[in-house]
Amino acid sequence: MKMTKIVRSTADIFYPFCLIFGFYVVAHGHLTPGGGFQGGAVIATGAALLIVARAYEDISQRIRKNALKLCESIGLFMFLAAGLSGLFLGHPFFANWLAQAGSIFGQPVAWGPNPGDLNTAGLLPLMNIAVGIEVLGGLSIILLYMISGVKEKE
Amino acid sequence: MSNMISFFVTSIFSFVVYLLLTAGSGSVLRLWSSQEIMAGAVLGLITGFAARKFFCSQRQSAPLNPLRWITAVLYVIGPFFIEMAKANVDVAYRVITGRIRPGIVRVKSGMKTDLGTLMLANSITLTPGTLTVGIDEETNDLFVHMINIPEGTEARESLEAREVFSIFNCPAWIRRIAE
Amino acid sequence: MTISSIAQHLPALLIAVPLLTAFLTPLIGGVNRTLRMLWVALGISATSAIGLALAWKVFTTGTVLYVFGAAAVGQVLPMDSGGIPIRIIFEVDAFSALMIVIASISAFAITMYSLVSESECSGQDGFYALLFLLVVGIMGMVATGDLFNFFVFLEISSLAGAALVAYRVDKGVAVEAGLKYALLSTLGALCVLIAIGLLFAQYNALNLATLASRLQFTTLDKIALALLIVPLAMKCGAVPMHFWTPDTYATAPSSITALLVVSSQASLYGLFRVLFSLYGHLVQFNYATFGWFVIILGVLSMFVGVTMAIPQKDVKRLMAYHAVSQTGYMLLGVGVGLAVLGNRSALNAYGLTAMAGGIFHIINHAMYKGLLFLTAGAIFYRTGTRNLNKLGGLGHTMPWTMVFFMIGALAIAGIPPFNGFASKLMIYESVFRFSPFLSIVAMVVSILTLASFVKVFHSIFMGPRREEFAAAREVPAAMIFGMALLAVVVMLFGLFPQTFIDGMITPAVTALVDRGAYISAILGGH
Amino acid sequence: MILLAIHILILLGLIVSAGLAVYFKDLLSAAIALAAFSLLLSIEFYLLQAPDVAIAEAGIGAGLTTAIFIIAIRGTKRFEENE
Amino acid sequence: MLSKILINFPLIAVVLIAMMGLSAMVFKRNIVKILMGVTILESAVNLFLVATGYREGGIAPIFTNAPSTHMVLPTVQALTLTSIVIGVATSAMMLSFAMIIYKKYGTVDVRKIRKLKG
Amino acid sequence: MDVAWTMHTGFGSWNPALWLAALLIALVVALAIRALGRKDYRKNSAQTKPFISGNEEPAHGGGHIPASNLYWGFLESMKAYYERLVPLHTGMLGDYLVWFLGVLAAVLVIGLVI
Amino acid sequence: MILNVLIWAALLIGLFFNALGVIGILRFPDVYTRLHADTKATTFGSIFTSLAVMLYGVSQFFSTTDGQYAALVFHTIIAVIVLAVTNATGAHAIARAAHKRGHGPNPSVVDRLKETSK
Amino acid sequence: MTIWIFSVLVMVALMLLAMIRLFKGPTSADRVVALDAINTLVVAAMIVLGVVFKQIIFIDVAIIYALLSFVGTLYISKYLGGEL
Amino acid sequence: MRTAFISAILLILLGGFIYLASDLSFGNPAVTDMDDYFIRHGQEQCGANNIVTTVVFDYRGFDTLGEATVLFTAVLGVGIMFRKLRKGEEYEND
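Chains as they are written, first to last, in numbering that gives the first Met the number 0: chain R, 0 to 153; chain D, 0 to 178; chain F, 0 to 525; chain S, 0 to 82; chain Z, 0 to 117; chain P, 0 to 113; chain H, 0 to 117; chain B, 0 to 83; chain U, 0 to 93.
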């Protein structure tokens, strides 16, 4: 059953807020506290907010399980590919070969609470993004599955 | 078409929030770096795509008008804050003396949109001795728990929203912002 | 990517290839069934090939090190770190390579088998992905040289194992077993994590070799030792903590049970690694105490396991108790080696042989117990029951299964010329020099094993045809292939034992006993 | 010194809320106590200068774990049986 | 002695919390309650890991202000992150097991969930 | 013999090839003995009919002994042992945890005392 | 100087209202009145402590012209907004749940919601 | 400067006081109220602690906290209202 | 009887762990060479200000892969639990 209009409106307003805040945490993982896991968890909590505010039948139509599964697999694949990418260039597995490489990526980073240089640190932001995608898919699909287990019992 | 509008509204909202979050990172306007603005634009578009069905679900054009945003800010730091301070003094008085006369009354909201109802409900919850307990989904009437019902009020079928607030006409402000 | 560069990155590929297969299986399985089968077969072939190639490299050229994320391949210690390893290092020595061989062969046979045996169930994408994750967990546990990494892979194998145990929901019984397994594994893993925290707080290192070189054996280290060995002994099914074993092995799909045996042996690997490479050869380390601890665990496991097996009615539950009992042999053999580790002459006289017997038994047990579980699965596949009282007369219709079962049963009972006999002989003879009583117990257990398998053979295959199993016929070719592979390995190990002992077992024993070499492979010097 | 006092107070709160989570027979109350435990644990991480861990504990411990437990209580039953 | 307890109070609190988790696991009979015990135990272990890496007066290992090397140890925080995610994954899986068990058996009492015995 | 066939245990040796040879010889002897059997054996006659204690075999596999009856004597003689051991396997999750923690406590005590 | 006094005042007011809120939670007779204390007093107190932080940030921003203090102010504003909205909505959700559960307001002089839901 | 850390101390003490209601609360709803109060206090304490430690970025934790514990409260109240 | 036995076990564990807790010294780790390396070189080698992130994704990135895999495993496990079973897929053990 859905909750009241007040809760639903709040959830609707906070859902993009959760998303953008999660993206902020993921994108600044190498500069400020946070990273892929934390940001993914924030975004997944946004999904949890939607799930709790609406009825299951409504939400299962709007959020597709298959899309989330795809998110998860793609995120993991990206993470693994980022690790494996060094192999083709003669570096070991998980070598951060892009750091300090000099071109668009890999400039040295400045001090400061938020220096604003998102493209430093080589592979780390890419890995952060990959893990963020994976975690948001994984955690929200766990919630969806468990709620479906409750609902389909009756 | 309305789909596009809600998409852009959500994106702009996200972009503003992102800029607030990343303030103090660089030299544009002494606050932002160019990279942050670019990343914010991209992430705002993504968020707009993902959340467009939720943020502006009922085709309301209220958030589009920048004047309303300014009114909202004024409302929050002006009437709302004073009401809230008064509410807290009231609650403090009740906490210390323990003199309460609680009950749940029906309040006619007169709001038509969800956003207005939300703002009114939250304003009521945060202001004098009142707490929104329930809502009538069709008429948007609120059921409000009051910590101190004035004598004689409990016999009335429903109250006007204006009567819940003491000094300012908050419902009018909200109507100006959200409808 | 040339051949030589692939050879350089074998330890990384050992984890990456099955992981890649697992990650993409849900995507590919959504497309087409046949495509998924091909993908799974391809993935397991590549994984096994990489595992065997890595083991070959280790057995021919010595310990292989792989540093994840180093600036250059082969740079173990960074220049400016003051001689300490700061990254995760895979240290694959001969003992690890032996375990990798076991895992590769078993995983290959089991996956081929399960391509057919699980084809009737729903949710196969998850099944195959979890199968690969279990393989990843096992491979990572045996290959890693980093304590926290070991914990992570322990969790992967535990969780994947628990999910697979509960795969056939079976009116909740399998889920019950899965819950038990998951909860005990979690508790054990948390104990391991506390031990890691203790060691890290004192020595600020996670690398096994660095920790070993810095260990002082303070009281905190003793607590850490207890917190490390008890969970690992629990995970390998030693007796006072073996209760999860029959529940889990009995209800899991048969192919998974065969892989869970390997997974529990990976825990056994961890136990030996902690006892020998991390704590062994310390001056204050009391070999006799911990040696006898392992020996007592082993003897209890042997005896209780086999006696509990005899009255069982469920064929897989019976085999599970035998798995407990056979684990006792390994613990006994290696425990005798540990007990005399400080005594050079006794070690050379019989300790090394006992350890060789114990370690040879690991690989033998994985092969024949896997074979037995696969035959049990084949019987279940055709008849739909595991109850010995209901079965009978299947020898008429399932001759190949009968032959494979017979090979496995004779091997587990220690009948020559199968492989069980070779390792058991080594254990008997060397343990007799240590303590005749233990040796006699081991022989009695072997006899009881034979007795209980006679019962199983009689109940399943002997007797006239039964009406209710008239439709039962021989299982499909892929399942026969999986069983035949393991049977061939069993025969090979039994017929040419010395080749394998010289090539694989003795280097493994040397790697296990020689703690200095393990440390100096990473830190250099010594 | 005041920092140490804060530490000790929060740890006392942690112990009390863990005890409450174990003590309550009503599983919903236990879940609430668990959420409070998670909250206090997060501020303890914060005090120990681990903001990354505090964020992770906040997101996963307070939000999602509570949700998962509540769903599981809904899927089973709310009260522990007595002896 | 008292000063030692005061200084080491976080660690002693960790031990007490862990014991509460363990006692919930051992004495309680409801599976969900047992899993709450597991969660408490996991949290205690996480707190222990972070506490071992704390340095008196150290700052968080993030370079925000002027460079300083007196930071708390970063490795344990990384380990704890890993451990938290593993914990939530384990809890979610075991709770879904508990839900299925309730569906099939009609009870979540561990003394009644014993079809596998002997 | 070839070295690959011989296993040295440190105290003696074991040779599967020799054992196989012995097995072959035994097989040959067995076949020889079989060849000395009666020549008037016929298939599908009363000669091949199985009898149990002088009675005809019951139909439909009724003569097949169920597994649980097979080691009745053994179980009966070890009754005292089994009556102690089997109840320990209660199947209860709490007991499993208690056993684990008990062994942990025991090892802790042993390790700290010695 | 004046800013310092303001900061002190804001902090003390915030603490006072926080304390009142908690005392109200302990003293009031039923769920709804406790929610009054919770949502109003505690939120108001937190707003005032955050206001102190904002004042501090503003004063530092104008004295040092360091961009990070702007970040401090903005982040605190966002935290306060989020806190206020979530607290109000959460209070509503709790009150409604308690009412649906059947915990009527006690003591009360009138209960219109109960009359309509019948 | 000690005023900041002192106010944190007061807030933590208030959290412990609120825990009394968590313990006593006759109904689950009362406990949720106490949880909500603790949650608000934690957020306030985190914001102030950000100033104490002179770490601006620590405020992020407070935002995430205010955002996410709300979800927990909603789940609890949804279950309590019998709507989950 | 059972309760007393379990309590004894828990008390022994409590004693051991209390000893453990009082033997370590909080706030003053004895050896810190590995972490000092991370703090000194983490920023210049990886170009990230957050040392925890460098440890999580660079120095110990392989652990993180394992962690992500654990989450994937749990998702698969939960998915397998709540899948729709075919008819006749369940057997009763006896």
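Hints are computed from structural coordinates only; laboratory data are not their basis.
Ideal Cβ positions, reconstructed from N, Cα and C, are used throughout, including at glycine.
Please note that the accuracy of each hint is not assured.
Below, in silico cross-link-like pairs of lysine-lysine (DSBU-like), each with a Cα-Cα straight-line distance of 35 Å or less [what the hints assert, rightly or not]:
hint : chain 1 : residue 1 : chain 2 : residue 2
1    : S       : K24       : R       : K150
2    : R       : K68       : F       : K170
3    : U       : K86       : Z       : K3
4    : R       : K1        : B       : K23
5    : F       : K170      : F       : K389
6    : U       : K83       : Z       : K116
7    : D       : K85       : R       : K150
8    : R       : K4        : U       : K83
9    : B       : K23       : Z       : K114
10   : R       : K150      : R       : K68
11   : D       : K107      : H       : K99
12   : Z       : K3        : S       : K76
13   : H       : K99       : S       : K76
14   : Z       : K116      : S       : K76
15   : P       : K38       : F       : K389
16   : R       : K150      : Z       : K3
Among chain Z residues calculated to face chain U with C-beta under 8 Å, some are [to be verified]:
hint : residue
17   : V25
18   : F26
19   : I58
20   : P60
21   : L72
22   : V84
23   : I85
24   : T106
Agreement of K1/R and K23/B with the hint, judged by alpha carbon distance not exceeding 35 Å: holds (31 Å)
(message) For a C-alpha distance cap of 35 Å, please report whether K116/Z and K76/S respect it.
(response) holds (25 Å)
| said: Between the alpha carbons of K150/R and K3/Z, is the straight-line distance 35 Å or under? | reply: Violated: K150/R and K3/Z sit about 53 Å apart, past 35 Å.
Can the restraint linking K24/S and K150/R be considered satisfied, given a maximum Cα separation of 35 Å?
holds (25 Å)
A closest beta-carbon separation below 8 Å is what the hint needs, so does I58/Z meet it against chain U? Interface hint status for I58/Z: violated (11 Å vs cutoff 8 Å).
Measure nothing beyond the straight line between the CA atoms of K68/R and K170/F; if it is 35 Å or shorter, mark the hint as holding. holds (27 Å)
message: For K107/D and K99/H, compute the direct alpha-carbon distance and say whether it is at most 35 Å.
response: At roughly 21 Å apart (the allowed maximum being 35 Å), K99/H and K107/D satisfy the hint.
Given the hinted pair K86/U and K3/Z, is their alpha-carbon gap at most 35 Å? Since the Cα atoms of K86/U and K3/Z sit roughly 64 Å apart, the hinted pair is violated (cutoff 35 Å).
Less than 8 Å between beta-carbons is the criterion; does T106/Z satisfy it with respect to chain U? violated (18 Å)
Tell me if the straight-line CA distance from K170/F to K389/F falls inside 35 Å.
holds (20 Å)
*asked:* Tell me if the interface restraint on F26/Z is satisfied: Cβ within less than 8 Å of some Cβ in chain U.
replied: holds (7 Å)
Has the given pair, K99/H with K76/S, been kept, meaning a C-alpha gap of at most 35 Å? Since the Cα atoms of K99/H and K76/S sit roughly 19 Å apart, the hinted pair holds (cutoff 35 Å).
In this structure, the hints that do not hold are numbers 3, 7, 9, 12, 15, 16, 19, 24, in rising order.
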